[in-house]
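Following the hints, put chain B in place on chain A, whose structure we already have.
Okay, here's what each chain looks like letter by letter:
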Amino acid sequence: MKRQNIDKTVRSGFLLVALFSIVALSLIIIFLFLEGIPILEHVSLKEFLFGQYWYPTDDPADFGILPLILGSIYVTVISGMIAIPLGVMTAIYLAQIAPATVSQIVKPIVELLASMPSVVIGFFGMVVVAPFIQQLFNIPVGLNMFNASLMLAFMAVPTICSISEDAVFSVPTALKEASLALGATHFETLVRVIVPASLSGICTAIILGLSRAVGETMVVLMAAGGAAMIPTSIFDPVRPLPASIAAEMAEAPFRSEHYHALFAIGIVLFVFTFLFNLLADHISYKFRQVGEASL
Amino acid sequence: MIKKRLRAQKICFFLLKVAVAINGAALAIIVYFIVSRGWRAISWEFLSKPPTDSMTMGGILPCIVGTVSLCMTTILFALPIGVASAIYLNEYAGQTKLVRFIRLGINNLAGVPSIVFGLFGLAFFVIVLDMGVSILAGGLTLGIMTLPVIIGASEEALKSVPKPYREASLAMGATQWQTIRKVVLPVAFPGIITGSILGLSRAAGETAPIMYTGAVFFTPDLPSSIFDEVMALPYHIYVLATAGTNIEATRHLQYGTALVLISLIFGMNLFAIIMRAKMRKKLKG
Numbered sequence: 001m002k003r004q005n006i007d008k009t010v011r012s013g014f015l016l017v018a019l020f021s022i023v024a025l026s027l028i029i030i031f032l033f034l035e036g037i038p039i040l041e042h043v044s045l046k047e048f049l050f051g052q053y054w055y056p057t058d059d060p061a062d063f064g065i066l067p068l069i070l071g072s073i074y075v076t077v078i079s080g081m082i083a084i085p086l087g088v089m090t091a092i093y094l095a096q097i098a099p100a101t102v103s104q105i106v107k108p109i110v111e112l113l114a115s116m117p118s119v120v121i122g123f124f125g126m127v128v129v130a131p132f133i134q135q136l137f138n139i140p141v142g143l144n145m146f147n148a149s150l151m152l153a154f155m156a157v158p159t160i161c162s163i164s165e166d167a168v169f170s171v172p173t174a175l176k177e178a179s180l181a182l183g184a185t186h187f188e189t190l191v192r193v194i195v196p197a198s199l200s201g202i203c204t205a206i207i208l209g210l211s212r213a214v215g216e217t218m219v220v221l222m223a224a225g226g227a228a229m230i231p232t233s234i235f236d237p238v239r240p241l242p243a244s245i246a247a248e249m250a251e252a253p254f255r256s257e258h259y260h261a262l263f264a265i266g267i268v269l270f271v272f273t274f275l276f277n278l279l280a281d282h283i284s285y286k287f288r289q290v291g292e293a294s295l
Numbered sequence: 001m002i003k004k005r006l007r008a009q010k011i012c013f014f015l016l017k018v019a020v021a022i023n024g025a026a027l028a029i030i031v032y033f034i035v036s037r038g039w040r041a042i043s044w045e046f047l048s049k050p051p052t053d054s055m056t057m058g059g060i061l062p063c064i065v066g067t068v069s070l071c072m073t074t075i076l077f078a079l080p081i082g083v084a085s086a087i088y089l090n091e092y093a094g095q096t097k098l099v100r101f102i103r104l105g106i107n108n109l110a111g112v113p114s115i116v117f118g119l120f121g122l123a124f125f126v127i128v129l130d131m132g133v134s135i136l137a138g139g140l141t142l143g144i145m146t147l148p149v150i151i152g153a154s155e156e157a158l159k160s161v162p163k164p165y166r167e168a169s170l171a172m173g174a175t176q177w178q179t180i181r182k183v184v185l186p187v188a189f190p191g192i193i194t195g196s197i198l199g200l201s202r203a204a205g206e207t208a209p210i211m212y213t214g215a216v217f218f219t220p221d222l223p224s225s226i227f228d229e230v231m232a233l234p235y236h237i238y239v240l241a242t243a244g245t246n247i248e249a250t251r252h253l254q255y256g257t258a259l260v261l262i263s264l265i266f267g268m269n270l271f272a273i274i275m276r277a278k279m280r281k282k283l284k285g
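Taken in sequence, the protein lines are chains A and B.
Residue 199 in my numbering sits at position 199 of the first sequence, with consecutive numbering throughout.
Residue 210 in my numbering sits at position 210 of the second sequence, with consecutive numbering throughout.
Errors might be hidden in some of the hints.
[Said to hold, decoys possible] Derived pair list, reagent style DSS-like, types lysine-lysine, alpha-carbon separation capped at 30 Å:
no.: 1; chain 1: A; residue 1: K2; chain 2: B; residue 2: K182
no.: 2; chain 1: B; residue 1: K163; chain 2: B; residue 2: K278
no.: 3; chain 1: A; residue 1: K107; chain 2: B; residue 2: K281
no.: 4; chain 1: A; residue 1: K8; chain 2: B; residue 2: K159
no.: 5; chain 1: B; residue 1: K97; chain 2: A; residue 2: K176
no.: 6; chain 1: A; residue 1: K176; chain 2: A; residue 2: K286
no.: 7; chain 1: B; residue 1: K278; chain 2: A; residue 2: K8
no.: 8; chain 1: B; residue 1: K182; chain 2: A; residue 2: K107
no.: 9; chain 1: A; residue 1: K8; chain 2: B; residue 2: K97
no.: 10; chain 1: B; residue 1: K97; chain 2: B; residue 2: K163
Think of the hints as simulated: they come from the structure by calculation, not from any bench.
So here's chain A without its partners, still in its complex pose (with noise of 0.2 Å):
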């Protein structure tokens, strides 16, 4: 065989292992849906959905996911709240103000906080945090909506301050120093200009962190305090979409009813985490810089 052949032939073999990616997540969707799909011949769409009680192993059965879909939407916005301005105002630092010397040493601090295994975080939270604010705020239990979301936002601290910290670095000098030419202090060249032009970034950054915060299981199977009801209080034990799959599969039968519910709750964990990576990855796409015309 010729060289270029060859050539030819490894190209090939190589686009074909690259598809490989597309066909994981294509049989991740197909295998979900196969097993999630029947359980809408017990319930409808709307009963799942929108359905208030949960209580899969009772007889008759109740599938009403609601209250594991608003513990999900609970957990995630409270995390949020307080991840997205430690993790942003993080990479403002290290990205315009910290010395080198300082960003050395707080860059590995934040990967370390990356990898901290999900399920030691919620170790962490179950047995110190929860009993510190069960005293601290006086309440009965400490394994609660609080307790889970905290434990979150330091899950998806290092995701969002990673993402946002390649935008804010990569706005052009040009700007700052234009900003800083016209009279403007640092602090104002940061607000005005430089997060302004990265705000894509961040946005991409914000999401990405929430969708992990959303996907998260350990934590929230260990420390949000897993009773499955539609909480009133941000002290009350929820039971997000993860932690129900997570707690309940080693009881549910194989392709009971129940198993097919909480393949049906893992598509819904899918659509979520899918939009909020579209959103994404179209906002990445859309706003991305090209030379320095993007303001």
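The following block gives chain B in isolation, referenced to the frame of chain A:
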């Protein structure tokens, strides 16, 4: 006037520093609690013996072996596919629709929640491919989850190889494949390995994907083939902390296991971070 503006700047920069300090403090507090309460549990016996007395005594050897074997399977599966995908995307492909589609797939794969990987692994590897709950099924599930990290890291490494290297090789008459194999890959290799270690460290700490595909509550025997089920460090922490026979009495074992797990993961991370810093220096010089 300018004084006022500078004061605003001072206050805000201070707030930014507070944010950084909170992150540092969070890491420090978590590590402090795990280390101070966990180190007492660590002994040679703890690391080299299986659990005894319904997991209230003894060690965690089967969990360590289980986690290591899951990781080996993960990397053997994900590294070749990840590197090959990165080579295609970075070396061969242009800005076509297909490439954009592939990237979209990779990004979305990266965003799939870990428990959904677990569900998929259960439905596909464990049941349809009939692997049962095994190292193979768990490792493959983790492998698919790690794939986007490895592709990203490899692409980064390939991008950092200067263009003239390729041009020189092509100008001497080498084909593109020869150039990639003999010029680009050797230069990118350390970067690829560093990134893969980071990806693997993530896989080592994951619990949700292996709960129903690879890890079990308790098995005293060490695995003898990849079709065996195993215990794993992260799952062991979860089991002891939530479903053990005596949750309060085994606290020190829980902290000890957590300490072993984060030591393993931080070790991998520090190794990768140091290696990367060295490489950057070399590329600069």
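Results for each hint:
no.	hint	verdict
1	A:K2 / B:K182	holds (19 Å)
2	B:K163 / B:K278	holds (21 Å)
3	A:K107 / B:K281	holds (17 Å)
4	A:K8 / B:K159	holds (22 Å)
5	B:K97 / A:K176	violated (35 Å)
6	A:K176 / A:K286	holds (23 Å)
7	B:K278 / A:K8	violated (36 Å)
8	B:K182 / A:K107	violated (34 Å)
9	A:K8 / B:K97	holds (20 Å)
10	B:K97 / B:K163	holds (24 Å)
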